[in-house]
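Novice: Below, each chain spelled out in residue letters.
There are 2 protein chains.
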Amino acid sequence: MGEFELIRALFHPLAEATRQHGVVLGPGDDCAIQRVPQGHELVFSIDTLVAGVHFPSGYDPAQLGWRSLAVAVSDLAAMGADPVCYTLALTLPEADSDWVTALVSGLREASFAFGIALAGGDITRGPLTLTLQVQGTVPEGQAIRRSGARPGDLVAVSGPLGGAAAALAWLDATDPPASVEGFLARYHHPMPRCALGRHLRGVASAAIDISDGLVADLGHILEASSVGAELEPGRVPRDFGGTWASLDQALYGGDDYELCVTLAPAALDRLPGHVASSLDVIGRVCAGSGLRLVQADGIIEEIAVPAGYDHFKGR
Amino acid sequence: MGEFELIRALFHPLAEATRQHGVVLGPGDDCAIQRVPQGHELVFSIDTLVAGVHFPSGYDPAQLGWRSLAVAVSDLAAMGADPVCYTLALTLPEADSDWVTALVSGLREASFAFGIALAGGDITRGPLTLTLQVQGTVPEGQAIRRSGARPGDLVAVSGPLGGAAAALAWLDATDPPASVEGFLARYHHPMPRCALGRHLRGVASAAIDISDGLVADLGHILEASSVGAELEPGRVPRDFGGTWASLDQALYGGDDYELCVTLAPAALDRLPGHVASSLDVIGRVCAGSGLRLVQADGIIEEIAVPAGYDHFKGR
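If you're matching them up, the sequences are chains Z and Y in order.
Each residue of the first sequence is one higher than the last, beginning at 1 in UniProt numbering.
Each residue of the second sequence is one higher than the last, beginning at 1 in UniProt numbering.
Keep in mind that a hint or two might mislead.
[To be verified] If you want the ones that stay clear, here's a sample from chain Z, every Cβ over 10 Å from chain Y, calculated:
(1) 169
(2) 170
(3) 201
[Claimed, not checked] Label-pair ranges, simulated between beta-carbon atoms:
(4) Y:198 x Z:140: 25 to 33 Å
(5) Z:273 x Y:105: 49 to 57 Å
(6) Y:58 x Z:265: 55 to 63 Å
(7) Z:142 x Y:242: 57 to 65 Å
(8) Z:58 x Y:94: 21 to 29 Å
[Stated by the list, open to error] According to the in silico footprint, chain Z covers these stretches of chain Y (three or more CB under 8 Å from chain Z):
(9) 87-97
(10) 118-127
(11) 142-156
Derived by calculation from the structure, the hints in this document are not laboratory data.
The structure displayed is predicted, hence computed values, not measured ones.
C-beta: ideal position from N, C-alpha, C; glycine also.
So that you can see chain Z by itself, here it is in the shape it has in the complex (with noise of 0.2 Å):
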């Protein structure tokens, strides 16, 4: 048995470990089989996170697992699917055992944390890169897009923004202080909002998740609907306990994992309270195109939104 078959072996726990009723044959074949339930649609998203660009070089593999999970199973999240199962592909530039099972352990909490099985891979020799498809399903038609959002929707996000991008600054201290450890924490374990998503169906007119930042994801949503926006920045959330983000790290900043939706003042009402306090509105939709800041002090300042194509994600 060569060494990259050594290393193939330990995803095969992974695999057991997970299963999903949905996964009708999961990794062994050429293919792995899905069934979709009737009235259901197949949703899915595919990310590629790179060493040294997505993540640093010698970052800890179990959180790697985890984050590398979280920040795809986010996409599914966004739409409000249910997440049923994931493939990996895995390229290595040794077939280091260790690494691969501190690795494994961190896909295996998160699969578990999210309910997403692990149904296929492939396993390369190559630079360090983990690939990553998310596959999840909705009832039919209601997946939720970017392209829904309407002139008087509220703008809301699901939590606060800003931790991620402050981290970035502690990521190689070796005793940061207690202070920052709401960074860290948001930077190193993400939680994608599966539950919130799901309430959203049929409720949201369009939401995504903040993986670039908040201007230029809601810039997406904005592009994608044909709608303008403005933002109150005071009531952007960015306490991560008791250390406030600052409001540049708040908007600019990417990796927060937090969802950004659009949704009608009634229906926000509708939604049960639970779920309705676990946002919090900073601004509203309005006609035109662009997105304006509205200080308390009745000042506009227009935002410069990042323009583009954005048809192919990815950053």
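Following the hints, position chain Y against chain Z.
Specialist: Frame of chain Z; chain Y shown alone:
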């Protein structure tokens, strides 16, 4: 617009041009959406190609586009699935729009040839790597697995083997002789056997596509099915337009992407003539384990089948 946004935009016409009925939502949102017809299952496989490992560095990008999609779709053919759509995670060292335009042209040609649509993707900066996930459908329960081979079944292949291995010596030749054109075509322009796979649903007892070599891949069927097999080397087809691959290349060479299938003799007789004639019977499944070559003079040679945990495929 950043340089990578421009690169992403190059894929948009490809997604537009290759729409498939089953793709409800293509690239541009957090996720894509596929509808799986009632009574069908989703069949999917993920594959990574790393520059310098799975294709030569400096390989022609248009050929790379065809080859990477063909290789991936071949896994669908081996399950008897109908191709529907694929996602592409592309990692590029630099935003070279000429290179990407050529890649897209190769992908487009293959997309049309195999009837498969680009449904989503991710483009990132890093060492040159392509990861493709292909997705297809089969009527419920009819996917052909590796595990159904039974003693008495015939072993057959869908075409000549060893050509891609024989081509390796000529890949860098500036003016290769006409006699090796068949080898080179096999390497650069593999043809997944989708139509054959479809005919073999409910007929073949097991199938695999030959990516690692006949001995290794038939070995995967034998292991998954807990059986052995005898091959007659004289019957293994290896004629590429009048030039023959060596027996070693035909037995051990990879990258041919023909199908290797097992089926009962009566099942072969039930196939339409034009389908049956596309199969070459090369041996027989027997009880026990292991693979034996039976020479014309009756001498039997035991072949070492690569051992292994192949629960997570790759090489």
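Novice: All hints are to be evaluated individually against the structure, with a verdict given for each.
Specialist: Hint check results:
1. 169: holds (23 Å)
2. 170: holds (25 Å)
3. 201: Residue 201 of chain Z clear of chain Y: closest Cβ-Cβ about 13 Å, beyond 10 Å.
4. Y:198 x Z:140: 25 to 33 Å: Check passed, 27 Å falls within 25 to 33 Å.
5. Z:273 x Y:105: 49 to 57 Å: holds (55 Å)
6. Y:58 x Z:265: 55 to 63 Å: holds (58 Å)
7. Z:142 x Y:242: 57 to 65 Å: holds (58 Å)
8. Z:58 x Y:94: 21 to 29 Å: holds (24 Å)
9. 87-97: holds (count 4)
10. 118-127: holds (count 9)
11. 142-156: With 4 residues closer than 8 Å to chain Z, the region 142-156 of chain Y meets the three-residue bar; holds.
When the structure is compared with the earlier hints, no violation turns up for any of them.
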